[in-house]
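Q: The listed protein sequences correspond, in order, to chains A and B.
Its first residue numbered 2, the first sequence is counted upward by one per residue in my numbering.
Its first residue numbered 25, the second sequence is counted upward by one per residue in my numbering.
There may be inaccurate statements among the hints.
Chain B regions said to be covered by chain A (calculated; three or more residues, Cβ under 8 Å) [to be verified]:
1) 254-263
2) 279-286
3) 294-307
4) 314-322
5) 360-371
6) 376-382
Hints were generated in silico from the structure; no laboratory data involved.
These numbers come from a predicted model, not from an experiment.
From the three backbone atoms N, C-alpha and C, an ideal C-beta is built for every residue, glycine too.
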Amino acid sequence: MNLSIDEATQKRLSGIRAIGESQIRPIGLDADRLGRPTPPDHEFFGLLLKVGLGRSRWAGENAEPSDGEASKESTPARPGSSRSMLCIAEEMSYWDRGVAVSFPGPGLGEPPLLSMGTLDQKRRFLGPFLQPERPRWGSFAMTEPGAGSDVAAIATSARKDGDHWILNGDKSFAANASRADWILVWATIDASQGREGHRAFIIERDTPGLGDFVIERKMGLKAYESTSFTLRDCRVPDENLIGGEEHYARRAGFKGAMRSFNATRPLVAVMAVGIGRAALDESLAFAREHDLLGLPRVRDRLERVRRGLRAARLLCWRAAWLADHSQPNIVEASMAKATAPTVALEAASLGMELLGEVGARGDHLIEKLFRDVKAMDIVEGTGQVQRIVMARHLVQLPRE
Amino acid sequence: MIDFAPGDELELIRATAREFAADHLRPGLRQHEKARGISPDVQRAFAEIGFASLEWPEELGGNGLGALARAFVLEELSAGDPGAALALDPLGPALYPLLELSKSDVTGELGQPLLDTPGSRALLVWNGEGRRSKLVNDRGVVSGTVPWVPADRVDLLVVLDEDGAFAVSEGIDLKSVRGSGLRAAGASELSLIDAPIRASFSDRSAAARALARARLYKAAMLVGVMREAAEFSRQYAVDRVAFGKPIAHHQALAFLITDMATAVDSTRLLLHDACWRIEAREPADEACATTYVEAIEQSMFVTPNGVQILGGHGFMQDYPVEKFMRDARALGLFWGGIDSAREDAGNELIGIDGPVPLSVEAQL
Chain A
2 MNLSIDEATQ
12 KRLSGIRAIG
22 ESQIRPIGLD
32 ADRLGRPTPP
42 DHEFFGLLLK
52 VGLGRSRWAG
62 ENAEPSDGEA
72 SKESTPARPG
82 SSRSMLCIAE
92 EMSYWDRGVA
102 VSFPGPGLGE
112 PPLLSMGTLD
122 QKRRFLGPFL
132 QPERPRWGSF
142 AMTEPGAGSD
152 VAAIATSARK
162 DGDHWILNGD
172 KSFAANASRA
182 DWILVWATID
192 ASQGREGHRA
202 FIIERDTPGL
212 GDFVIERKMG
222 LKAYESTSFT
232 LRDCRVPDEN
242 LIGGEEHYAR
252 RAGFKGAMRS
262 FNATRPLVAV
272 MAVGIGRAAL
282 DESLAFAREH
292 DLLGLPRVRD
302 RLERVRRGLR
312 AARLLCWRAA
322 WLADHSQPNI
332 VEASMAKATA
342 PTVALEAASL
352 GMELLGEVGA
362 RGDHLIEKLF
372 RDVKAMDIVE
382 GTGQVQRIVM
392 ARHLVQLPRE
Chain B
25 MIDFAPGDEL
35 ELIRATAREF
45 AADHLRPGLR
55 QHEKARGISP
65 DVQRAFAEIG
75 FASLEWPEEL
85 GGNGLGALAR
95 AFVLEELSAG
105 DPGAALALDP
115 LGPALYPLLE
125 LSKSDVTGEL
135 GQPLLDTPGS
145 RALLVWNGEG
155 RRSKLVNDRG
165 VVSGTVPWVP
175 ADRVDLLVVL
185 DEDGAFAVSE
195 GIDLKSVRGS
205 GLRAAGASEL
215 SLIDAPIRAS
225 FSDRSAAARA
235 LARARLYKAA
245 MLVGVMREAA
255 EFSRQYAVDR
265 VAFGKPIAHH
275 QALAFLITDM
285 ATAVDSTRLL
295 LHDACWRIEA
305 REPADEACAT
315 TYVEAIEQSM
325 FVTPNGVQIL
335 GGHGFMQDYP
345 VEKFMRDARA
355 LGLFWGGIDS
365 AREDAGNELI
375 GIDGPVPLSV
385 EAQL
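Isolated chain A (complex conformation) (with noise of 0.2 Å):
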């Protein structure tokens, strides 16, 4: 057992605490006041990619196995893969996680293309960002209006025409799809077959069809781009649809999805800790400045908030953990998502009550950080989702 960062990743750490302090969180700061997101020409972008950011983990064609497979263990990334990104996930979103959302690089798409891509269709999509000459993006689109969390509900609709795909549908709050390169697009050959009938295709940018891009505007976590879009009789070449047919034959379309979700839960959960302790954090100073901390129901309330953050943090290792060893973590990845952002939320709840009427005001970090946090509770399956998820394992909860 070792419940301590390693070296190595502290020093990545305090890294990201440098460009945290003086580019992240001013960043992050401006993007909320001005209401937008920050625009992709913006220098900071084009600074990550000079420090090595804004990449796939994609390890290249070169370490790819010979006959072509797809396989995760073909990507070994980094060491301690799961857990050292958890780490650097929370210290990015401790300092703005909508600016972490912001970064270039082909985000949630890439776990898909890595486990269910051809080799072929990593070359062509993760290629461009081995080494990227100007900030790239890539963005995932599952949710719909009418399907959030209920991901097996997806509408748009996929419809074979020659060697190509006609999709059709609309897609809500994938992030940063107007600027991407390419979309990661679910969709469904045959709604009637339920899961088994889902399909992810790359749709590129420009593609006809694609279109009716509306940036919407949120509560919080306003850096980065949730975008929604439509799909009007939008033709994808075959070679497009990711793993092609023979992927879809030998497994269902829901499990790839379902996977990629199980993937990132943690990790999404692991930033509500970041920014829950931002929010402490900052308490804990504006406290002390006010003389607030004489007060035992104040220092109380800030003990149960590390308490709940600490044991948050650790859910969400034990789940990386897990799934570091191959081993199954549905009910823990569920348990760390459940838990995180409502110990987050509490933490930003209570510096509202210290700040009082400096919180009122609405210029303050931490009002930022109460409105940035609630959307963790909502992301990547809710905490009522995740709920059934787990009562599904531990009390074989029917679906229904």
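Given the structure of chain A, go ahead and fit chain B onto it with the hints provided.
A: For chain B alone, coordinates are given in the frame of chain A:
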């Protein structure tokens, strides 16, 4: 790198403790409570396994294992019967001041006779801030009363406060009381009349370490009790049918059950984190205190809901869940209870100037 694997040795210890609890503790749950004690056979079996001397130093003939091993064993035994777990451990949390008391002969002289005599009991009593008892040390002799101790026999009494600890083994008078929880360990009012002090130390940081370890001891027991309460009521809810389906499939209960499981896991993770800090020789007093707070709070969420899930049956003594609730409540009342622990953890926190660390971080 972050690693939750306990390793083969601890896995084996855990499996042994689990088996012992299933064979010897759980079946006699009500009988132990009624008899206010454990049969000599079970005591002998316990002594033979070597659990009593788990943390006893190797140089004194013990197993010299650490906080994690103790936490694993206590969780398993307490999932069986926490009162029995207390009754079986001759030194219990009194061990920790003894270890701090002296690096020499005194520790062995005080503790060894108890390890050699199955059924004997050492007790730790808190006499500092937040105490409900009053023991007065007047130039080497102690007088006063402790309203409740979970024992009907005391061979060695260790009294701890913020400044240090002392040990007493004569002049101890016990008056039987009914007890609320943990009755299998006995229940008495303890009085001292001019009891002579056998050994003592004054060292504030050693006293704080001993208190921290004592809190962790109870927290580990609470994890065991609430785990069992959560598991028993989960299984009941799967088996029990009402309104046409297992009650666990009504979402109000399904969600409650997932939250109870989460409460148990969260507390256990904090417990292991605190144990790991101790073994890694990192500062751990705050982590121990906050773990005890969490264990108490969560046990008061989990065990009453264990009763709730069983409904009327839960209130009856035919099922063990009402006992889990009483036992958990009692386990949260030691060493000044939740408020004292919260105060210590909170005072460490408000002393931090700068980012608040949640975990042990490697120094660069």
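Q: Taking the hints in turn, state whether each one holds.
A: Comparing the hints with the structure gives:
1. 254-263: Holds: 3 residues of the region 254-263 of chain B have a Cβ under 8 Å from chain A.
2. 279-286: Held - the region 279-286 of chain B has 6 residues with a Cβ nearer than 8 Å to chain A, which meets the minimum of three.
3. 294-307: holds (count 7)
4. 314-322: Check passed, 3 qualifying residues.
5. 360-371: holds (count 5)
6. 376-382: holds (count 6)
The structure meets every hint from the earlier list without exception.
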